[in-house]
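There are 2 protein chains.
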Amino acid sequence: MVQVNENYLKLKAGYLFPEIAKRVKLYSQSNKNAEIIKLGIGDVTEPLPRACIEAMGKALDDMGTTDGFRGYGPEQGYAWLREKISEHDFISRGCQISPEEIFVSDGSKCDSSNILDILGKDNSIAVTDPVYPVYVDSNVMTGRTGDALENGTYQGLTYLAINEANNFLPELPEKKVDILYLCFPNNPTGATINKEELKKWVDYALQNKSLILFDAAYEAFIQDNDIPHSIYEIEGAKDCAIEFRSFSKNAGFTGVRCAFTVIPKNLKGLSSTNEEIELWPLWNRRQSTKFNGVSYVVQKGAEAVYSLEGKKQVRGLIDFYMENAKIMKNKLQNSGYKVYGGDNAPYIWIKVPDQMTSWDFFDFLLQKVSVVGTPGSGFGLAGEGYFRLSAFNSRSNVIDAMERIINI
Amino acid sequence: MVQVNENYLKLKAGYLFPEIAKRVKLYSQSNKNAEIIKLGIGDVTEPLPRACIEAMGKALDDMGTTDGFRGYGPEQGYAWLREKISEHDFISRGCQISPEEIFVSDGSKCDSSNILDILGKDNSIAVTDPVYPVYVDSNVMTGRTGDALENGTYQGLTYLAINEANNFLPELPEKKVDILYLCFPNNPTGATINKEELKKWVDYALQNKSLILFDAAYEAFIQDNDIPHSIYEIEGAKDCAIEFRSFSKNAGFTGVRCAFTVIPKNLKGLSSTNEEIELWPLWNRRQSTKFNGVSYVVQKGAEAVYSLEGKKQVRGLIDFYMENAKIMKNKLQNSGYKVYGGDNAPYIWIKVPDQMTSWDFFDFLLQKVSVVGTPGSGFGLAGEGYFRLSAFNSRSNVIDAMERIINI
Numbered sequence: 004m005v006q007v008n009e010n011y012l013k014l015k016a017g018y019l020f021p022e023i024a025k026r027v028k029l030y031s032q033s034n035k036n037a038e039i040i041k042l043g044i045g046d047v048t049e050p051l052p053r054a055c056i057e058a059m060g061k062a063l064d065d066m067g068t069t070d071g072f073r074g075y076g077p078e079q080g081y082a083w084l085r086e087k088i089s090e091h092d093f094i095s096r097g098c099q100i101s102p103e104e105i106f107v108s109d110g111s112k113c114d115s116s117n118i119l120d121i122l123g124k125d126n127s128i129a130v131t132d133p134v135y136p137v138y139v140d141s142n143v144m145t146g147r148t149g150d151a152l153e154n155g156t157y158q159g160l161t162y163l164a165i166n167e168a169n170n171f172l173p174e175l176p177e178k179k180v181d182i183l184y185l186c187f188p189n190n191p192t193g194a195t196i197n198k199e200e201l202k203k204w205v206d207y208a209l210q211n212k213s214l215i216l217f218d219a220a221y222e223a224f225i226q227d228n229d230i231p232h233s234i235y236e237i238e239g240a241k242d243c244a245i246e247f248r249s250f251s252k253n254a255g256f257t258g259v260r261c262a263f264t265v266i267p268k269n270l271k272g273l274s275s276t277n278e279e280i281e282l283w284p285l286w287n288r289r290q291s292t293k294f295n296g297v298s299y300v301v302q303k304g305a306e307a308v309y310s311l312e313g314k315k316q317v318r319g320l321i322d323f324y325m326e327n328a329k330i331m332k333n334k335l336q337n338s339g340y341k342v343y344g345g346d347n348a349p350y351i352w353i354k355v356p357d358q359m360t361s362w363d364f365f366d367f368l369l370q371k372v373s374v375v376g377t378p379g380s381g382f383g384l385a386g387e388g389y390f391r392l393s394a395f396n397s398r399s400n401v402i403d404a405m406e407r408i409i410n411i
Numbered sequence: 004m005v006q007v008n009e010n011y012l013k014l015k016a017g018y019l020f021p022e023i024a025k026r027v028k029l030y031s032q033s034n035k036n037a038e039i040i041k042l043g044i045g046d047v048t049e050p051l052p053r054a055c056i057e058a059m060g061k062a063l064d065d066m067g068t069t070d071g072f073r074g075y076g077p078e079q080g081y082a083w084l085r086e087k088i089s090e091h092d093f094i095s096r097g098c099q100i101s102p103e104e105i106f107v108s109d110g111s112k113c114d115s116s117n118i119l120d121i122l123g124k125d126n127s128i129a130v131t132d133p134v135y136p137v138y139v140d141s142n143v144m145t146g147r148t149g150d151a152l153e154n155g156t157y158q159g160l161t162y163l164a165i166n167e168a169n170n171f172l173p174e175l176p177e178k179k180v181d182i183l184y185l186c187f188p189n190n191p192t193g194a195t196i197n198k199e200e201l202k203k204w205v206d207y208a209l210q211n212k213s214l215i216l217f218d219a220a221y222e223a224f225i226q227d228n229d230i231p232h233s234i235y236e237i238e239g240a241k242d243c244a245i246e247f248r249s250f251s252k253n254a255g256f257t258g259v260r261c262a263f264t265v266i267p268k269n270l271k272g273l274s275s276t277n278e279e280i281e282l283w284p285l286w287n288r289r290q291s292t293k294f295n296g297v298s299y300v301v302q303k304g305a306e307a308v309y310s311l312e313g314k315k316q317v318r319g320l321i322d323f324y325m326e327n328a329k330i331m332k333n334k335l336q337n338s339g340y341k342v343y344g345g346d347n348a349p350y351i352w353i354k355v356p357d358q359m360t361s362w363d364f365f366d367f368l369l370q371k372v373s374v375v376g377t378p379g380s381g382f383g384l385a386g387e388g389y390f391r392l393s394a395f396n397s398r399s400n401v402i403d404a405m406e407r408i409i410n411i
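In order, the protein sequences belong to chains A and B. Under the working numbering, the letters of the first sequence match residues 4 to 411, in that order. Under the working numbering, the letters of the second sequence match residues 4 to 411, in that order.
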């Protein structure tokens, strides 16, 4: 009989967000008039930038004509989009990333889990704690961990705590680790890393011949000039890092679907016979074989992000959400909460009141004032005692939610 | 040092189509005035159906407003699309496939390779020969085969020949096989399978508790009433088969990207402790963790395929390409070629003239009359001596190409 991949059976039943949805549903069923404000899932709420809409509309017109019609595009993405990305996101910041090193995809969630396809099974792996659950689950599903322990961690993974004690910057692993996941600006804590700190990681990776998987999905929210937007701003990173980027949070593409991954040409791994193997051809082969490129219409929308109008409109969106974050942080701080993040990221990371767990605080906010956030423990053991609020919502909802919380 | 997945190193260097592209490029460089007609890659050429364009335009307008804006959608696809698919593609043909059993994705190429994620590594696997290369390569890349042999096949895979001798219908495997890939209407041969023949496969799978991966990407081209469009038209198939479907070839979505996969709820596999495990929750977990759904705008376009206007326009596209196929088949047959396929599929499968290999014939057509097709040997050992022509092109190009070939 056909056998299943039983690594899936190691996964704990509930992904975080379905559990939240379940509790919210239960609450709303018994509180029919409650006006629930959702600051849970990090999903954008503002309309798409006008420049993107217009470019997509034009692309759609193309598709209706014989001359303009586009069938299969390059699996790696259209050259005109990859060139814009290279120029505006990298060359302009002094990072020598060529269009060829950029692979356009339908999402960073896909890329950050699919990347494991081209890597060996026996690599040792480190993630931060708390962490974006997809990094962990994709490793579990592909048999790179042992079983789940009672505390929710998985055997075989190295967890690097990020908390108040280390100012939300993980410490370098004590043992040698082959693959390191880093996400800055951080989801869920909203913490950032400066060049000096990030250099320590690049140096560690170069010294140990490790690979850094750097998730920069939130780089557009960075306000301070000394915080790097790309890991390639650090010397040597092209020899040890892959970077994931997305149009989801800057241009509001969560429902449009476009992202990209950078695989530098000189990045190498090892075969079991100690031969050095370039990762670029492996990923290129993976994408050519298992992927068929991103919708032409969507890629035209992404291209418009780099137009003069597009840039201005994206800036407007970022400013809007960051003003939300500022309002949230100020209100909560003034009300006595200990609050982190929110300065260079759209997430507010609250220390929950003493004697409460993260889920207690979740239920407390939901029951008392109909506000939904995300329990920190849902992102890992070290997230216990924290709570994430997302700045993605309308101004009036954000103000309303804060008034409700501080008036409990 | 980080280790690579060295199964990738087993892959033979060139995927078929890049090799074709290389030869065409060389030819056009030294024959600057040649008007090349491409009947190689199976990519559509006609504009998108008007109903799809309009629905996508409307969805785009939604995305520009606060009320209409959509962020993350369900990873499985929107309910309104899954309901339409269930009703029009399955219930209407007597197949009890519910919306919940349908997973919307960005392509069948992705789904037919990603499906291996949820299946064990030690399953025995059979593919037809010739075959769509993705089935084979995705197995190689995930370590389910041995090395490539000199003849281009991979150790550990069972190859089931389809050729003139068996009327392009593979024979049941002699040994027990856990996973069977079937594609009907067939790419590349254009062959079809009737209900009686398909029932033999379902019975084999039920008896051996095997899983059939049924690729029905070309079902819309079926003209004969007794040929099944879905494997679920065969009794028992819900207990042994997964089906892949696509909007690429019926509505011309190759550049738009939308497809779907059917995972019946009662379909089961085995754990190593002989426990029966349902595949549906595994795939649901895979998609929730590693995928973020298809663009809202694209799903609205796919939904329009099922409107009255959409159906009419899709029928028009199919009729157009099938008329191309008919013209090609007639012209070539009248000119003395042995020709298969083309009656219920957009592919013409030509027996190449004696003493020529598939690649000889490729070079012959390119050099003599600037027509590009696909060498049968590119699809597998048993494809040697055959040649695929695609009916996806303008009427004038098709007629022109045929005139050129028959006048050589």
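One thing to keep in mind: the hints can contain errors.
For chains that are exact copies, the list does not tell them apart, and a pair is met inside one copy or across any two.
Straight-line alpha carbon distances no greater than 25 Å define the calculated SDA-like cross-link-like pairs of lysine to any residue that follow [said to hold, decoys possible]:
(1) Lys124 with Tyr75
(2) Lys13 with Glu279
(3) Lys15 with Glu78
(4) Lys35 with Glu200
(5) Lys35 with Glu281
(6) Lys212 with Asp346
(7) Lys124 with Trp362
(8) Lys61 with Gly74
(9) Lys28 with Tyr75
(10) Lys87 with Leu14
(11) Lys198 with Leu12
(12) Lys124 with Leu14
(13) Lys61 with Tyr75
(14) Lys13 with Asp125
(15) Lys198 with Tyr81
(16) Lys25 with Tyr81
(17) Lys329 with Asn36
(18) Lys212 with Leu384
(19) Lys28 with Pro284
(20) Lys25 with Ser275
In case anyone wonders, no lab produced these hints; they're calculated from the structure.
Okay, the hints, checked on the actual structure:
Taking the shortest alpha-carbon separations for Lys124 and Tyr75, neither the intra-copy value of 33 Å nor the inter-copy value of 31 Å comes in at or below 25 Å. In the homo-oligomer, the alpha carbons of Lys13 and Glu279 lie at most 25 Å apart only across protomers (16 Å), although the nearest pairing inside one protomer, at 33 Å, exceeds that limit. In this homomeric assembly, Lys15 and Glu78 come within 25 Å of each other (Cα to Cα) only across copies, at 19 Å, whereas the closest approach inside a single copy is 34 Å. Within a single copy, Lys35 and Glu200 get their C-alpha atoms no closer than 49 Å, and across copies no closer than 56 Å, so neither meets the 25 Å cut-off.
For the homomeric pair Lys35 and Glu281, neither the shortest alpha-carbon distance inside one copy (58 Å) nor that between copies (36 Å) is at most 25 Å. For a Cα distance limit of 25 Å, the shortest separation of Lys212 from Asp346 qualifies neither inside one copy, at 33 Å, nor across copies, at 57 Å. When the C-alpha separation of Lys124 and Trp362 is checked against a cutoff of 25 Å, the pair qualifies neither within a copy, at 35 Å, nor between copies, at 38 Å. For the identical chains of this complex, Lys61 and Gly74 are neighbours both inside a copy (16 Å) and across copies (22 Å), given an alpha-carbon limit of 25 Å.
Taking the shortest Cα distances, Lys28 and Tyr75 sit within 25 Å of each other only across copies (18 Å), while inside one copy they are farther apart (42 Å). Within a single copy, Lys87 and Leu14 get their C-alpha atoms no closer than 39 Å, and across copies no closer than 32 Å, so neither meets the 25 Å cut-off. When the C-alpha separation of Lys198 and Leu12 is checked against a cutoff of 25 Å, the pair qualifies neither within a copy, at 40 Å, nor between copies, at 36 Å. Taking CA atoms no more than 25 Å apart as the test, Lys124 paired with Leu14 passes in both settings, with 18 Å inside one copy and 18 Å between copies.
Proximity of Lys61 to Tyr75 under the C-alpha cut-off of 25 Å is found in both arrangements, the shortest distances being 18 Å within a copy and 24 Å between copies. Taking the closest pair of Cα atoms, Lys13 and Asp125 come within 25 Å of each other both inside a single copy (18 Å) and across two copies (19 Å). Neither within a single protomer nor between protomers do Lys198 and Tyr81 lie at most 25 Å apart by alpha-carbon distance, with minima of 32 Å and 42 Å respectively. Proximity of Lys25 to Tyr81 under the C-alpha cut-off of 25 Å is restricted to the inter-copy arrangement: shortest distance 19 Å between copies versus 41 Å within a copy.
Neither within a single protomer nor between protomers do Lys329 and Asn36 lie at most 25 Å apart by alpha-carbon distance, with minima of 29 Å and 63 Å respectively. In this assembly of identical chains, Lys212 and Leu384 lie within 25 Å of each other by CA distance neither inside one copy nor across copies; the values are 28 Å within and 41 Å between. With identical chains, the CA atoms of Lys28 and Pro284 are at most 25 Å apart between copies only, with a shortest distance of 22 Å across copies and 47 Å within one. Taking the shortest Cα distances, Lys25 and Ser275 never come within 25 Å of each other, neither inside one copy (46 Å) nor across copies (32 Å).
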